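K.L.:
Order-wise, the sequence lines are chains A and B. Using our numbering, the first residue of the first sequence is number 1, and each one after it goes up by one. Using our numbering, the first residue of the second sequence is number 1, and each one after it goes up by one.
Note that these hints are calculated values from the structure, not bench results. Quick caveat: nothing in here was measured; it's all calculated off a predicted structure. Mixed in with the good hints there might be a few duds.
[Claimed, not checked] Straight line, CA to CA, 30 Å or less: simulated DSBU-like cross-link-like pairs of lysine-lysine:
1. Lys4/A - Lys157/B
2. Lys66/A - Lys151/B
3. Lys83/B - Lys67/A
4. Lys67/A - Lys158/B
5. Lys151/B - Lys4/A
6. Lys66/A - Lys83/B
7. Lys151/B - Lys208/A
8. Lys208/A - Lys83/B
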Amino acid sequence: MFSKLFTLITFLVFIFMLWMVFWWIPIDISQGPVAKTVFIHVPLAWCSMVAIVLVAISSIYYLFNKKLFWDNLAQSTAEVGVLFGSLALITGIIWAKPIWGVWWTGEAKLTTTLILILIYAAYILFRSLYTNSMQMKKIAAIIAVIGAIDSPIIYFAANLWQEAHPVTVIGPLAREDSSFGADYGITLLVSVIAFTMLFVILTRLRLKILSLEQ
Amino acid sequence: MNKIKYLIIIFLAGIIPMNYSVIEAQQNENIVNGFIESLELVENQINISVIDNFGNRFNLNIVNSTEIGLETQSGERWVGNIKEDPNYVLELLNEAQHSLEPVTLTHNGADIITLVSYESSNIKNNLGYLAASFIFLSILFFGYIFIINNKLQILSKKK
Numbered sequence: 001m002f003s004k005l006f007t008l009i010t011f012l013v014f015i016f017m018l019w020m021v022f023w024w025i026p027i028d029i030s031q032g033p034v035a036k037t038v039f040i041h042v043p044l045a046w047c048s049m050v051a052i053v054l055v056a057i058s059s060i061y062y063l064f065n066k067k068l069f070w071d072n073l074a075q076s077t078a079e080v081g082v083l084f085g086s087l088a089l090i091t092g093i094i095w096a097k098p099i100w101g102v103w104w105t106g107e108a109k110l111t112t113t114l115i116l117i118l119i120y121a122a123y124i125l126f127r128s129l130y131t132n133s134m135q136m137k138k139i140a141a142i143i144a145v146i147g148a149i150d151s152p153i154i155y156f157a158a159n160l161w162q163e164a165h166p167v168t169v170i171g172p173l174a175r176e177d178s179s180f181g182a183d184y185g186i187t188l189l190v191s192v193i194a195f196t197m198l199f200v201i202l203t204r205l206r207l208k209i210l211s212l213e214q
Numbered sequence: 001m002n003k004i005k006y007l008i009i010i011f012l013a014g015i016i017p018m019n020y021s022v023i024e025a026q027q028n029e030n031i032v033n034g035f036i037e038s039l040e041l042v043e044n045q046i047n048i049s050v051i052d053n054f055g056n057r058f059n060l061n062i063v064n065s066t067e068i069g070l071e072t073q074s075g076e077r078w079v080g081n082i083k084e085d086p087n088y089v090l091e092l093l094n095e096a097q098h099s100l101e102p103v104t105l106t107h108n109g110a111d112i113i114t115l116v117s118y119e120s121s122n123i124k125n126n127l128g129y130l131a132a133s134f135i136f137l138s139i140l141f142f143g144y145i146f147i148i149n150n151k152l153q154i155l156s157k158k159k
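Isolated chain B (complex conformation) (with noise of 0.2 Å):
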């Protein structure tokens, strides 16, 4: 009994800090998956509609400061703000338009904060991740046994 009791204080004191730092991360920061509905280049900046899963429109703003994240038609990676080149920032939004390129984006009010469009190249290499999570399925489970086999085999010994 020791032992598991050990391991959920372990367990308790490695997950409780990871969940406090990343909320407060969060905060003031709405996240938005979707679709690009229209665009519109208005001055300095560009209103853009995007439309999620379930059908909500969002109308938003992509200012000076917002952080942008797209993928060029040859699968090459470009990142900036409107401010270096606008018409190259709304060719590029408009080619993920087009091309139904999901996108995610954190705003503040009706300002974007970052935008990012699907980053296909990392999408196909993530084999690593599902490998985690067999390693981790597998020492947990078997670390488990491991401790109530042993415990058994203890008690049936007393016995």
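For reference, chain A alone in the conformation it holds in the complex (with noise of 0.2 Å):
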């Protein structure tokens, strides 16, 4: 009942978001209509952030206690966020297109966020070939959590080398003078909102599948 009702929120939540993406916001004035993409870009890498994030900790989790939900939750998250991730990328890709005339540029920012997908996928890679032993989920847990040390190089990077990709706008990082309007600020936040309750949708679903596996 509980999980209907939240599916049912998640799915309004987001019909919200897109009139407002879509009708409410105003059109970017320097950059067009593709300035909207910030409100799919933006949520994707924070659930992918929160997604790599999870996987470390209950890898830890799993490496001290053994349990199998947080190996479990570990391998959900992981996909979930492999899919997030890549999404942010191309998302990222297609707006820097007309912005920077190019599709990629090779910088820090973007550089360190395929790495990072690269290692979970080489993670879900590992998991899937390898028989469901106590050592292959040690030896993965182990992947995921070093793989996490990418991810605060990632959060930092566009202040560190401030190349093409702008710098942080939200949250300890953002300078003053680059923070978003109002009327953007509440929309991403909606479509962070919108988009974080399907990232728990998703991982909720892959878990339900790997405990009846189990």
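Both chains are given apart, each in its own frame, so use the hints to dock them into the complex.
P.N.:
See the structure below:
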């Protein structure tokens, strides 16, 4: 009952987010309609970061107490995290073309994100290629923890190297002069909530499949 | 699980060659986005000073080989180099400077390789890129939901 209600609320929040993105928010004067990609690119990147942190935490828990739940949580969040991270990268590539003039620049933020996705894609491949033994789970947990080192590098990359990717505009590293306007800020908040709810639903579904398989 | 494995392999096979080819094309080139601060025509080259969004100043030279793309006052695009008419190029750059038009340039050392100004006509017509993002998002999300839902149904039936 609760999961159905949660799915319904997520659906309604998504509809509301789409209305805000396409009808409520005005078109950006300097970038044009493509600037609205921010409302999918940033939430996707946020969810992939949350996923990586969750994978690392649950892997550490698994290494300490060997409870199967933590291993399942790590596996399911890694899979959903790779999906969200890949989409964040694809939407970023599409956004870069009309604004920067190139699909890809090879700068720090983009390259470290690609590396992170490749690490977790390798993590999923590793898990699917080897038998479901305790040793495999331990090695997978170690790969996940090592891979998570990349996530703070991604977060700080735009501020440290200052290349084509804009610096952080929300959070502790944000500069006062580069903050969003109120309407863009509210819409971004709604889209982050909508995508986070979708992330929870997908992770829960994946977790259910894993427990059924076992 | 097999379907997911194949999807990951297809994704990696697609993204790795694309990444390599583009990184190699960027070697020995630096990109600067900013505004023109000053201009000076000296013999056959234009000395230009550009300030980027972080306040860094770049003193560079527009030489004969520099490829230039600038928007004229009528909104048309002029493409060429200073060999053709240095004074006309200087005039267009002066217009870009006074209207605070953002410019993007690539340079190798002090010599500019390409210099382009903000293309307002293209910027306003980039709705297709936004649509492409949403289409990719929908395909991947619905594809993933379809796969895991299918799997869940099979497992539920087995139970």
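K.L.:
So, for every hint listed, does it hold in this structure?
P.N.:
Do the hints match the structure? See the list:
| no. | hint | verdict |
| --- | --- | --- |
| 1 | Lys4/A - Lys157/B | 20 Å, holds |
| 2 | Lys66/A - Lys151/B | 26 Å, holds |
| 3 | Lys83/B - Lys67/A | 73 Å, violated |
| 4 | Lys67/A - Lys158/B | 25 Å, holds |
| 5 | Lys151/B - Lys4/A | 19 Å, holds |
| 6 | Lys66/A - Lys83/B | 72 Å, violated |
| 7 | Lys151/B - Lys208/A | 11 Å, holds |
| 8 | Lys208/A - Lys83/B | 68 Å, violated |
Hint compliance for this structure: hints 3, 6, 8 are not met, and every other hint is.
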